[in-house]
Structure formats: structure tokens, C-alpha cells
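With chain A held as given, fit chain B onto it using these hints.
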Amino acid sequence: MKIKKLLFVTKFESLCYDALYSLLDLRKSGLEHVVFLNVIEREKVAMRRGRGYVKDEEVRLKEIANIRFIDWAENLFEMGMEVGAYIEVASLIPKIIAVVEKEQPDLIVIGRSRKGKLEQLYSRSDITELTRRSPVPILVFKHMTENKLVPAKIFERPLFATSWSNSSEKAVSCLKELGNIIGEIHLMHVVDEKDLKSSDTHGVQGVRKKERNRLDDLCAEFEEKGITAKPHVYVGDPETEILKAARENQASLIILGFSDRTALMERWIGSISRNIADKSPFPCLLFPVKK
Amino acid sequence: MCKKVLVVDDDPDVRSFVVTVLEENQFTPLVACDGVEGLEMIQKETPDLVILDVLMPKGSGIRLYHHLKTDDTLKAVPVIMFTGIALRSFLKSQKALEEFKGEKVPEPDIYLEKPVEPQDLVDAIKKKI
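Listed in order, the protein sequences are those of chains A and B. Here the first sequence is numbered in the working numbering, starting from 1 and rising by one per residue. Here the second sequence is numbered in the working numbering, starting from 1001 and rising by one per residue.
So that you can see chain A by itself, here it is in the shape it has in the complex:
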């Protein structure tokens, strides 16, 4: 699975041209088409008492977005890339899904969710909602340092946390195509403490060995494609351990498969992928469950 076309969803707040520019390394692996999407929230132009639908505001917001997109598009066109743009008044997630169906991108790039905790409880975070409904991977882009600098090469040193689920399989097939831009990939699996049932060292080491062997096999698959890969087994709470591994290995990106926990469970308990995508300082690439 190659990333030839990406959908760049922006509100011009955290996700701007610097973020897009840092992804242009993907051109070495086949990226040739970028589609911009700016969704103007309905509340900004909705009917107001005494004023009606705020058409002037809609025109103003669309023109501001258009001016930004023209500027970005000129840069990309000059590089010989294909560019498209949508500026729409709509609800964010349904609009993204509609554009995904129309444009068939290979990757969606979006900023982190801005919804509050209470809002997320009732309507889910944008990331969760999108991952539930999107058939394509989602890159949750973040500025990694306090001074908001964008990592120059986001795919240089990714950490792939595999749960051996079918979404992880999808991730592997996509990552193998990025040999030109991945410097070194770190593969990890987190063993739940509950799975270490044995009270003796031998049993515990057995669990580690089994997971390590699976990771070694996966490393071999990546190395066949010319990508340096390093395996790591961690034990404990997955969310904590994945963040620990990302820091220890100086990851530029965390890659995760999305769990197929039911929507209701996820809303109340949360999911590892969602929590990491929403709260961690690392950019995250999420692979949806294979339908």
C-alpha cells in the first residue's frame, strides 16, 4: 500500500504549511497528490436571531481559506505535484468522510482533537469518530517541542507499537513501502502484566521470548525491504509503556493500530490509541480496523 495521495485537513490553527512541508519527504515513496480540506463549522455562520444566516461571514471565511490554499498550492504545483482543495461549511467528520469517498486518498492528516472531556464523552473525540468511520490511515499531526517546531523528518525514526491485530497487519504493509524515508523503525509489543501468570522466572521469560521472536520475524520482514528495524518487548500498562518507549528511543512518530473495542466501551473506558493520539506529545499514525 503506497501513499500517493493525502488529504490534509486544516483549520489553520495548529496545522499549517510547515506541517505539510515536513510530510513532503513522502514524495520519495510516491506521494504525488495533496488535497486540502477546510471545514468551516456551522456555528460560525449559522442562523442568528435578528440576523438570519450569516452569508457575509461565510464568504469572508471561505475567501480567507482560499487565499491560504492558493499560496500553499502554488508551492506544490511548482514542485510538479497535483493539488485539489475543498472549502465547505459542514460538520467536520461527515465532511471528511464524504471527501475521502470522492477523492480516495491513501492517508488523512489532521491536527489533534480540540473537544473538551465532557464533549468527548457524549460525542466522542474527532479522532475516535474518524478512526471508526475512515477506511484509510490517519496521521494525527503535532508540533513536538515547546517552541512549536515541526519535526523535520517525521518518518525518520518511527515507533510501531503492534498489538498483532488486523489493523497492525495493515500498518506493516503500508510501512514496508516507506523504505526510502524511514531511517530506523522501532517495533514494540507491550505484554500485559495479567498475561504473566507464571510465578517463576522461567514462565515469565517464556512469554518475553515468544513475543520477542514474533518481533524478530517482523524485523526481518522490514529488513528485507531495506529498513533497519529494532525489536522491543515492554511489560505493563500499554499506554504508559508506549509513551515510555517513544521517549527512550527518541521516536519521531508513534504508529498504532486501532482496537476493535465496541464504540460504547470506547466512549466510557477510552482506547489506548485514542488516548495516545489525543494526549501524547508525539505525532501518531493510526491504522483503522480492517473491515
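Some hints here could point you the wrong way.
[Unchecked claim] Derived lysine-lysine pairs resembling DSS-like cross-links, with alpha carbons at most 25 Å apart:
id, chain 1, residue 1, chain 2, residue 2
1, B, 1092, A, 28
2, A, 102, A, 5
3, A, 209, A, 244
4, B, 1058, A, 11
Don't read these hints as lab results, they were simulated from the structure.
Below, chain B without anything else, positioned relative to chain A:
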């Protein structure tokens, strides 16, 4: 018989502006919302002139222009570029496509940067047909 002019633009306000100008000047307007639909219309209707935007979903005017000017059956169709993208960027993009695809294309005869006055658009159309 009225000459057929195809306007390819994703912005409904721009389409409506151009269609009004065309109708008031006794041309038959045809419309398409993106590059893909534009190419289909050109192949089906063979218009006398195409007024083409650049930044559109589902196929940009850059690729459509390159396609038109490298297709022997379509290269004679005159094209007026009507866009917010600067001419300098347009020419650089065509050069990048030429390097990639190996086929040279001529510069557009008329390049109008939005916005334009209705009369300027009429004058440009009349220059081509």
C-alpha cells in the same frame, strides 16, 4: 449558431458570473465543476473555447491544461486560464510536468488572474473565438 464555451470551475459564484457574461454575449455556456468532469465535457461536447480554473478538487486545471495541449484531438481547443494562481507558478508547474512527462506544452494564450471585470472577460473570449 451560438458558440459553445465551457467554464470549468469549482466555485459556484464564479461559474454563475461567467455563465451570465456568456449568456449576455450570445454564447452557449456549458459548465463543469472539476478537472475530471471538465475533460468529460470537452470530449463529449467539443466546445469552441474552455475557460479553466486551476485549483479544483478531483483534477486540477494544471493537469487538464497539460492533457488538452498534448492530446492531438484536443490541442486545437482554445483555453483561457481564469484563476487565482499566479502565472509564474502555473508556468513553473507546466515545466515540472514537462520534465516528468517529457512533452512540451505551449503557454496559455490568455491568462486572467481573478478577479476580472466582465468586459475584460468578454474581450478575452472574443479574442479567441
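Can you name, in rising order, the numbers of the hints this structure does not satisfy?
Per hint list: zero violations.
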